[in-house]
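Trainee: Protein chains in written order, with the numbering used here: chain A, 35 to 384; chain B, 16 to 217.
Derived from the structure by calculation, the hints contain no laboratory data.
Ideal Cβ positions, reconstructed from N, Cα and C, are used throughout, including at glycine.
Among the clues, some could well be false.
Derived coverage of chain A by chain B (criterion: at least 3 residues anywhere in the stretch with Cβ under 8 Å from a Cβ of chain B; other residues may be distant) [unchecked claim]:
#1 167-178
#2 241-250
Straight-line C-alpha distance at most 20 Å; calculated EDC-like pairs for lysine to aspartate or glutamate [to be verified]:
#3 B:Lys92 to A:Glu47
#4 B:Lys163 to B:Glu213
#5 B:Lys92 to A:Asp275
#6 B:Lys163 to A:Glu47
#7 B:Lys92 to B:Glu35
#8 B:Lys92 to A:Glu383
#9 B:Lys92 to B:Glu183
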Amino acid sequence: MTGCEEVRTRLLEGNPGATADPHLPGCADCRRFAAAVRAVDLGLSQLASAPLPAVPPAPAVPARVLPLRRSPVRAALAVAVAAAAAAVLIFLRREPARLPLLTAHSEMTSTGQSAALLPGGAQVTLERGALFVDSVAPQRQRLVLRSGAVALQVPRLPAGAHLSVATDEAEVSVRGTRFRVARGAEGTAVAVEEGTVEVQPAGEGRPLLVLRAGENASVPPLEAYRLLAREDALAAIARSDLPATAAHIERLLATRPTGDLEGQARALLAWQRQASGDRAGALVEYRRALAAGPPGARPVWADNAAAELALLLEHGGDPAAAREAWESYLARFPEGTHADQARRHLRRER
Amino acid sequence: MAYREPSAAAASYTELIARESELRQRLAAGDGVAFRTLYDGQAPRLLRLLMRLLGDGGLAEEILQDTFLAAYESVGKFRGEATLASWLARIALRRALNARRARARRKEEALEQVEMPDEVTQTAQSGLEGRDLARRVLTLMERLEPRKRQALLLQAEGYTASEIADIEGEPRGTILARLFRARAELVELAAAEGLTPEGGAP
Numbered sequence: 035m036t037g038c039e040e041v042r043t044r045l046l047e048g049n050p051g052a053t054a055d056p057h058l059p060g061c062a063d064c065r066r067f068a069a070a071v072r073a074v075d076l077g078l079s080q081l082a083s084a085p086l087p088a089v090p091p092a093p094a095v096p097a098r099v100l101p102l103r104r105s106p107v108r109a110a111l112a113v114a115v116a117a118a119a120a121a122v123l124i125f126l127r128r129e130p131a132r133l134p135l136l137t138a139h140s141e142m143t144s145t146g147q148s149a150a151l152l153p154g155g156a157q158v159t160l161e162r163g164a165l166f167v168d169s170v171a172p173q174r175q176r177l178v179l180r181s182g183a184v185a186l187q188v189p190r191l192p193a194g195a196h197l198s199v200a201t202d203e204a205e206v207s208v209r210g211t212r213f214r215v216a217r218g219a220e221g222t223a224v225a226v227e228e229g230t231v232e233v234q235p236a237g238e239g240r241p242l243l244v245l246r247a248g249e250n251a252s253v254p255p256l257e258a259y260r261l262l263a264r265e266d267a268l269a270a271i272a273r274s275d276l277p278a279t280a281a282h283i284e285r286l287l288a289t290r291p292t293g294d295l296e297g298q299a300r301a302l303l304a305w306q307r308q309a310s311g312d313r314a315g316a317l318v319e320y321r322r323a324l325a326a327g328p329p330g331a332r333p334v335w336a337d338n339a340a341a342e343l344a345l346l347l348e349h350g351g352d353p354a355a356a357r358e359a360w361e362s363y364l365a366r367f368p369e370g371t372h373a374d375q376a377r378r379h380l381r382r383e384r
Numbered sequence: 016m017a018y019r020e021p022s023a024a025a026a027s028y029t030e031l032i033a034r035e036s037e038l039r040q041r042l043a044a045g046d047g048v049a050f051r052t053l054y055d056g057q058a059p060r061l062l063r064l065l066m067r068l069l070g071d072g073g074l075a076e077e078i079l080q081d082t083f084l085a086a087y088e089s090v091g092k093f094r095g096e097a098t099l100a101s102w103l104a105r106i107a108l109r110r111a112l113n114a115r116r117a118r119a120r121r122k123e124e125a126l127e128q129v130e131m132p133d134e135v136t137q138t139a140q141s142g143l144e145g146r147d148l149a150r151r152v153l154t155l156m157e158r159l160e161p162r163k164r165q166a167l168l169l170q171a172e173g174y175t176a177s178e179i180a181d182i183e184g185e186p187r188g189t190i191l192a193r194l195f196r197a198r199a200e201l202v203e204l205a206a207a208e209g210l211t212p213e214g215g216a217p
């Protein structure tokens, strides 16, 4: 006979399944536990949906209103997204028909629009493309959008229940809402009409996004996200915004890039550290940058980073380390941009 | 994102990040409109959290206002390592903890042994009229270890595990484990009380 402890663990995990079903009729304690699980989850969801209190007026603060700059590109994007959201809204407001029930490990494909239901009542409308039904368990329902676009209309889920749509770029988790996920050349787009969804972009170190009603997000593939972070860092450097530079590079490094991109990122971070007066930090990052690049490769950033490292040591009063750094530079970049400077330094040292 | 502007849908992932960044910069520049936008968006949820944690509406409002003033003063030092909502909650909860400690000291009791008088419980449960299960669950939560109770209340306010991790300054995995354990302990307490979805004994 299945032990009470195992049954209770499964009840807490929201996956009682075949383990609990034969056990519960003969065990009053576990039945009481199962009722408590449902009661707590329902109580927690009632807490979440309770009305918000009236707040006192905002405290007075010294106001110094600055003009808000709006870029024309952002304005155009906002208009485009609003139009797309309106189209989704019109589509989602259509009356649902009697629909077939999806089963686990089944495929939905469509050249036009087709709709089905998940156990529990969520309506799945595949606008086009292919969808794989990974799981339909009551507490964990998971769909994998291989291509195209899918719109979901999900009734409020009990606490602990989980419904998600996965793509190569993101895992979109639902709390009870109406939303749409679409795959395209630029990644996965998510639009929320009602409720809240969590979007966990694929790849380590990428922050979770929480989207609420009226919000949209486009999740680029990991490589594009990394390149965007690098571009943001370069733009911050151009503005001499050192904190923002560090934040963007650290965002990039959190995704654990390797090879050339890691080297570039660390070289930028080293520059940021150096510009911030953190000499020790700069030395560490320059060395890590040069170690990260593919063996034998001679990219321009590495040429510059090797020279910056040598100069930092030279100006820091460490002649032995500076000599070694210039020698390493010449060994790797004998025809490099800074080769003449390296040779001049080494001749002076002799 | 925690900062909501219903009329301004975000165009892209970077746009979402940029919006928070823009609001942060406007706050740092002393923009009073940005401050009211932040207050209107965040204050109600934060106030409810404080009321549930402290059970004292007056003190909760005091801490709420103090939190926003402190945030306004120090937003220039905030580098956007968390969302503005998480950052505000972190400031508010630190102040709430200090208030709870002060209350415990005044009563010459340990923090964990503070018992809530009836009016305190009523304040914590305001807004829950007609939600009997929520009120009973909230009462049971008072028997949880404070950090577990706080994590559950933050989750009930819609903060994600990542945001709670930012607020508590702990790894996301630690928070997920704490939330699971907190719910498990709450279920044990509920089972001992015979709580059912209908609100009574089975």
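Trainee: If a hint holds in the structure, say so; if it does not, say that too.
Mentor: Here's how the hints hold up against the structure:
Beta-carbon proximity to chain B at under 8 Å applies to 0 residues in the segment 167-178 of chain A; the threshold of 3 is not reached and the given coverage is violated. With 10 residues carrying a beta carbon less than 8 Å from a beta carbon of chain B, the segment 241-250 of chain A meets the three-residue requirement, and the given coverage holds. Using a Cα cut-off of 20 Å, the hinted pair lysine 92 of chain B and glutamate 47 of chain A is violated, with the two alpha carbons roughly 41 Å apart. A distance of roughly 25 Å separates the Cα atoms of lysine 163 of chain B and glutamate 213 of chain B; the hinted pair therefore is violated under the 20 Å criterion.
A hinted pair counts as satisfied when its Cα atoms are at most 20 Å apart, and lysine 92 of chain B with aspartate 275 of chain A qualifies at roughly 14 Å. A hinted pair counts as satisfied when its Cα atoms are at most 20 Å apart, and lysine 163 of chain B with glutamate 47 of chain A qualifies at roughly 18 Å. For the hint linking lysine 92 of chain B to glutamate 35 of chain B, the alpha-carbon distance of about 15 Å falls within 20 Å, and the restraint holds. Under the criterion of a C-alpha separation no larger than 20 Å, the hint pairing lysine 92 of chain B with glutamate 383 of chain A is inconsistent with the structure, at around 45 Å.
Between lysine 92 of chain B and glutamate 183 of chain B the CA atoms are separated by roughly 19 Å; this keeps the pair inside 20 Å, and the hint holds.
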